[in-house]
Amino acid sequence: MNWILAAEGAESGSNVLLPPTYELIIGSVAFLVIFFALSKFALPNIRKTLEARTESIEGGIAKAEKLQQEASITLAQYRQQLSDARSEAAKIRTAAESERTNLISEARTEAQVVAQTVTQQANAQIEAEKSKAVNELRLDVSKLAIDLASKIVGASLQDDARAKAVIDQFIKDLESAGGKR
Amino acid sequence: MANFITLSEVTCKFGDNECPFPAPGAGIFEWQPLASFNLFGFTSIEVTKPVILAMLCTVIVSVVFIAAFAKPKLVPTGLQNVVEVGYLFVRDNIAREIMGKDGDRFVPLLTSLFFFVWSMNVMAIIPGAQFPVSSRFAFPVVLALIVWVVYMFLGMKNQGVVGYFKNIAFPPGMPIGIYPLLTPIELLSTLIIRPVTLAIRLFANMFAGHLLITVFTVSAWYLLNLTNFVGFVSVIGYLGSVVSFIVTIVLTGFEMFIQALQAFIFTLLTAVFISSSLHAEH
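Residue numbers (the numbering used here), protein chains in the order written: chain A, 1 to 181; chain B, 1 to 282.
Treat the hints with care, since some could be wrong.
[Unchecked claim] Listed below are several chain B residues computed to face chain A (Cβ distance under 8 Å; list not exhaustive):
(1) V61
(2) I126
(3) F254
(4) F257
[Said to hold, decoys possible] In silico BS3-like cross-links for lysine-lysine, where the CA-CA straight-line distance does not exceed 25 Å:
(5) K40/A to K101/B
(6) K73/B to K48/A
(7) K73/B to K63/A
(8) K40/A to K157/B
(9) K101/B to K48/A
(10) K71/B to K48/A
It should be emphasised that the hints constitute simulated quantities derived from the structure, not laboratory data. We put the CB at the ideal spot given by N, CA and C, even for glycine.
Use the sequences and the hints to build the structure in full.
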């Protein structure tokens, strides 16, 4: 069974914790080359690019903010204009309404005045016609009555004052009889 | 210094029941140099697999970042999109999270650290590479040393040389009686333990992960070896092999998580250390 426990065989004899000089040199040079390559040629470029990227992103954000601000200002202006227009329209409508009411009431008043005038004139004319008719009638009736009475009683009724009193009495009776009817 | 020393040297074959279990050990972290050359007579550079992988990581990280951010667009597409996510992760979740706006200065350092460490870790599961570069102690050590130098320098720069050490040794706002206890701990902690644990944490995690995956991979292969036996033992062998294989796959998934996590922790702690150097602790 000696193969299971077999020793390693030839050991190198050198200590892994004792670095050989050439490896130290190679290691230093390797790192310095990388450091030089990166810090001189690679990283300054990307740093600038990243800064530019940040700037462009922030610039974009600022621009967007500015645009938004402008948009909201414009919106406010539009709203203002809209509400102005609305209130103006309302004003115009109110004015029109009141004008219409005025016109109507004026027309009505005028019409009433005209109607009244016409009515008054008509009334006055009717009154005049009436009084004229009454007067004429009275004259005719009195004449008729006098004639009739003269024929009946003779000329005794030529005395004007008495005749007139009798006629008036007669007409009065006539009127009161007419009023009763 | 062989790669899979035990595996290659034992040269087990299927059905060879006398073959001892070639348990993977520290040897699997040692690599034969493919080439070697002298650096100004100072030291020899051995071109081993970890070294090649480290250079590969360097090239990949650098090229990917430069390619992704060569002409960055405001609206990212393709590669830029992907790499940007990584960059923003380090910036927002590490640098700014720990240091706030102060952290922006250190994003290049932290990004380099994060992606270098991560790429070295990820090499553990890339087919063909399959070796975490950061399990070679030298790489975490170097990075921890760089971090140490950076935060020490920043501390002395921001708080003054004397002020910095005074703030480390005698954190303000403590009762005087506690200083005999606190001062040695704080000095040791800030000056030595911080970088050491930073390096060892990364190294040990990657080392252990790789070792685990290797153990189960070798087991899956080795237990098939028992099939020359008949009956019960053979069934056990098959079962063990299948289970080991499944565990290998599960562990690989787990390692993916650990690799990213360790890179994140390494970078996060770096940010914490730098942050404590910028302002005296309370």
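> Does K71/B pair with K48/A here, judged by a C-alpha cut-off of 25 Å?
Replying inline: 11 Å, holds
> Does F254/B meet its interface restraint, that is, does its C-beta lie within less than 8 Å of any C-beta in chain A?
Replying inline: Because about 22 Å separates F254/B from the closest Cβ in chain A, which is outside the 8 Å limit, the hint is violated.
> Does F257/B pass the interface check with chain A, least Cβ-Cβ distance below 8 Å?
Replying inline: This hint is violated: F257/B lies away from chain A, its Cβ roughly 23 Å from the closest one there, beyond 8 Å.
>> Between the alpha carbons of K40/A and K157/B, is the straight-line distance 25 Å or under?
In response: The given pair, whose Cα atoms are some 23 Å apart, holds under the 25 Å limit.
> Does K73/B pair with K48/A here, judged by a C-alpha cut-off of 25 Å?
Replying inline: Holds, at roughly 10 Å.
> Quick one, is the V61/B hint okay against chain A at 8 Å, beta carbons?
Replying inline: With a minimum Cβ separation of about 5 Å from chain A (threshold 8 Å), the hint on V61/B holds.
> Within 25 Å, alpha carbon to alpha carbon, are K101/B and K48/A?
Replying inline: 16 Å, holds
>> Can you verify the interface hint for I126/B: is its Cβ closer than 8 Å to any Cβ in chain A?
In response: 17 Å, violated
>> K40/A and K101/B were given as a pair; does the straight-line alpha-carbon distance stay at or below 25 Å?
In response: At roughly 21 Å apart (the allowed maximum being 25 Å), K101/B and K40/A satisfy the hint.
> Between K73/B and K63/A, is the straight-line Cα distance small enough, at 25 Å or below?
Replying inline: The given pair, whose Cα atoms are some 21 Å apart, holds under the 25 Å limit.
In summary, the numbered hints that this structure violates are 2, 3, 4.
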